[in-house]
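As a plain string of letters, each chain reads:
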Amino acid sequence: MNVLLAALLAFVSAEWSGRREMLTREAERLQIAYTNCAAQATEPAEGVVVPVEVNQDGSVKLSIEAKKAQLFLDRNDKNKNLVWAEGVVIRKTGPDGAEMSRIEADSCVFDRNTKSGWADGTLTMTHGGTVFTGHGVYFSSMEDYVMSFSGSSIYSKDLKFGGGL
Amino acid sequence: MTAAVVMLAVLLLRGPVDDAAAGAVAVAARGEESVGGLAAAAAKAKWARITSVRADFDRNEGVALFEGSVTVDYGDAYKMCADKVYVFFKGSNEFDRVVATGGVAVTNETRTGSCDSVIFRRREGEVEMYGGDNGALARLSNSETDEVTGRRIKFWLDAEQVEVSGAEVKIGREKGKAVSL
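Chains as they are written, first to last, in my numbering: chain A, 1 to 165; chain B, 1 to 181.
Don't take every hint at face value.
Said to hold, decoys possible - Cut-off 30 Å, straight-line C-alpha distance, at most; resulting in silico cross-link-like pairs (DSS-like, lysine-lysine):
#1 Lys61(A) x Lys92(A)
#2 Lys84(B) x Lys61(A)
#3 Lys115(A) x Lys68(A)
#4 Lys90(B) x Lys79(B)
#5 Lys68(A) x Lys92(A)
#6 Lys79(B) x Lys115(A)
#7 Lys90(B) x Lys154(B)
#8 Lys115(A) x Lys80(A)
#9 Lys80(A) x Lys92(A)
#10 Lys154(B) x Lys92(A)
#11 Lys115(A) x Lys67(A)
#12 Lys154(B) x Lys115(A)
The hints are simulated quantities; they were obtained by calculation from the structure and are not laboratory data.
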């Protein structure tokens, strides 16, 4: 590889790859949590709305809506604050109430402490002019990160840049 | 090549979800329509499509990485394939540069190109194609008869100028003419 190009990608290798690896481990943790929760979700509630984060004015910033959902809490483990859900819509709204992004998933587990989750099946995220879909997807509101492990597709708006090939 | 690489920048767009096309594509993406329907919805909306095995979007750090059989499809306008594609952002999601590596191939209605890696710098409006460490050269052809190859091919969006290092230019290939520089 060209020296300049290698130098350019050094950032990715040296710093960003470490972050990516760390979040990959987090994705694996949530994938396991999903499997455990799905096996234990014997009494899900229906038509659930769970606020996760609020704006300074008290309006909901991040919320989970689900056709079915069950909370998994542990008094002895503060780190366990999970929501398992089916038919999921996760909305992120701005201070003005406008929807900034939307995630839809067949089923997922969401960690309310880390504001991140794992969708085991198909997930679709709409954010502005971009629609992302994948199978087996980690997503984090706190880290502003999404990673898909298979069948990743991104559709983006048409932009005319010109210049030809 | 340029248009293909530049189109990756569409990932940077941000804003409220108020676009009817976004809704149509999202509906298809949710599986309420077939995969073919998804492609059709995107095509109808004239959106670029990027597919890969794994994809990472890191808005916090301003990096997106597509890995494993990456394809960029913009209908008949162009198609690009590569092993990896990086998109780097800066500021409020304004894309800065795009890098594709590994078996890069691009085609559109009139031109084709191939190289080991390519970088597009948006602000400078320049594209650099590189050959591989194994000696394979970057190649750019703008017709059935004209082709330029080299270890490095650099050109700009807003100019006709092309810089080639370690070049071989073929004009009228059907006549067997070739000029090495």
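Structure-based check of all given hints:
1. Lys61(A) x Lys92(A): Holds: lysine 61(A) and lysine 92(A) sit about 6 Å apart, inside 30 Å.
2. Lys84(B) x Lys61(A): Roughly 34 Å separates the two Cα atoms, so the pair is violated.
3. Lys115(A) x Lys68(A): Answer holds: lysine 115(A) to lysine 68(A) is near 19 Å, not above 30 Å.
4. Lys90(B) x Lys79(B): holds (26 Å)
5. Lys68(A) x Lys92(A): Given pair lysine 68(A), lysine 92(A) holds - Cα atoms ~20 Å apart, limit 30 Å.
6. Lys79(B) x Lys115(A): Not OK: lysine 79(B) and lysine 115(A) at ~37 Å, beyond 30 Å, violated.
7. Lys90(B) x Lys154(B): Holds, because 23 Å separates the two Cα atoms, which is no more than 30 Å.
8. Lys115(A) x Lys80(A): holds (12 Å)
9. Lys80(A) x Lys92(A): holds (23 Å)
10. Lys154(B) x Lys92(A): violated (42 Å)
11. Lys115(A) x Lys67(A): holds (20 Å)
12. Lys154(B) x Lys115(A): violated (44 Å)
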